[in-house]
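Engineer: Residue numbers (my numbering), protein chains in the order written: chain A, 1 to 141; chain B, 1 to 291.
Since the hints were derived computationally from the structure, they do not count as laboratory data.
Using N, Cα and C, we set each Cβ at its ideal position, and we do this for glycine too.
Cross-link-like lysine to aspartate or glutamate pairs, in silico, EDC-like; alpha carbons within 20 Å at most: (1) Lys2(B) x Asp80(A); (2) Lys2(B) x Asp81(A); (3) Lys269(B) x Glu43(B); (4) Lys259(B) x Glu220(B); (5) Lys72(A) x Asp183(B); (6) Lys118(A) x Asp13(A); (7) Lys66(A) x Glu291(B); (8) Lys109(A) x Asp97(A); (9) Lys72(A) x Glu291(B); (10) Lys129(B) x Asp101(B); (11) Lys88(A) x Glu291(B); (12) Lys2(B) x Glu26(A); (13) Lys88(A) x Asp51(A); (14) Lys72(A) x Asp285(B); (15) Lys13(B) x Glu85(B); (16) Lys133(B) x Asp101(B).
Residues from chain A that face chain B, not an exhaustive set, calculated with beta carbons under 8 Å: (17) Ser75; (18) Ala76; (19) Val79.
The lines below spell out each chain.
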Amino acid sequence: MSIQMSKRVTVADVMLPLSGFPVVTESIMLKEALEKMSDQRLGIACIVSSDGVLIGILTDGDVRRKLLTVQKPFSAFFVDDVIVHSAKGPVTCRPEDSLADAIEIMGSKRIWDLPVVKDGGRLVGLLHLHPAVQALLGIAK
Amino acid sequence: MKVIEIGYGDVRKVRVGRGEQLAFIGGPCAIESRDHSFFMASEIQKICRQLDVPWIFKACYDKDCRSAPDSFHGLGIEGGLRVLEDVRKEFGVPVVSDFSDPAWAAATGEVCDLVQVPAYLCRQTSILKAAAKTGRPVHLKKGQFMSPWNMKNSVRKLESAGCNQVILADRGTFFGYNMLVNDFTCFPIMARTGYPVCFDATHSIQLPTSMGNISGGQREFIPYLVRAAAACGINALFMEVHNDPKNAMSDANTVMNIKHLENVLAQAKAAHQFRLEMLDKFGEDNVHTNE
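Next up, chain A with everything else stripped away, as it sits in the complex:
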């Protein structure tokens, strides 16, 4: 698939479904969110409200930055609500967006993942760079 052809490919064609990446509620412990991220081998967890609206994300980078600034014991850090250490108002895309445009955003923001939301901010998927690039190169499974 050429880059030009990929304009016809949408985010919805490539995004991970909700079951394919860590989705957590805001009051889950940071430790539990990190475990989910490790289990699903992704450097991001999406935090949603009770009605599924995206309210923040937690990434490996967020945790790395916190490790350089948090002064309390790890045992206290681990039990904090995940929302406390998350980034609010993350960059997102929509399922109908073209894959090429979404990848361009990822490149300009230097990020690996883009949460995918529908109207009202409801989380419906996650665009992860690896499958996106695979699709772009026409080697998607």
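Given the coordinates of chain A, work out where chain B should sit on it, guided by the hints.
Structural biologist: Relative to chain A, chain B alone:
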């Protein structure tokens, strides 16, 4: 922060939480007899009425964590709960007792307006589940061995069993052997659970089992700790009081002589009031680690 209302039926309801008056949870450590409980309740009620302090009568029917096998164990669940029920009716006051066996929870909750989970048992799932199932608000004491942030796990156990009416209390933290220390950062940390916090002053000055087969205590520090805790921002104050501490049947070295209650409680109320005024004037504390 949630406001927890304690009291069912005809008793005077006590509200514990942000913006409310400082509540007092107090009474003798153990129910020694019906007459003694009535005497203590009568004396405490006079003081609380005079000071206009909302009050919950505390006395336990079974002391299961005494140091020695022959120490007074209590009146037992049946007789003890009958006394609490009578105190409740006679004085119109909510009552609280702890319970140390999940099998005692239901009966405790039938009588008591507030059920208490002992500090040593604060992470026991069976106890917490049983407390939650009573349907009453739960007074959950932080174990002397627990960090304040790990109390979140105990709160989650209560919540997962259907309880969302909790008060978290500090009664000191082990500082080496036979010694406790109070870390008042525990109050804002435990308050992050969303529930009110309480300071247990008389157990905080305990020297656990420091005297071989009984616990010692340094009562002289009670007023200092009470003032500090009230200024820190607690929602309730817990103190065990007795008319004759030397001859108290439980915790003789830590219960406070009731002759000091009016003085200490008045100071606690004043410090709490001042704290509320400061909140109004200066707003919530807003200092952060990284700024």
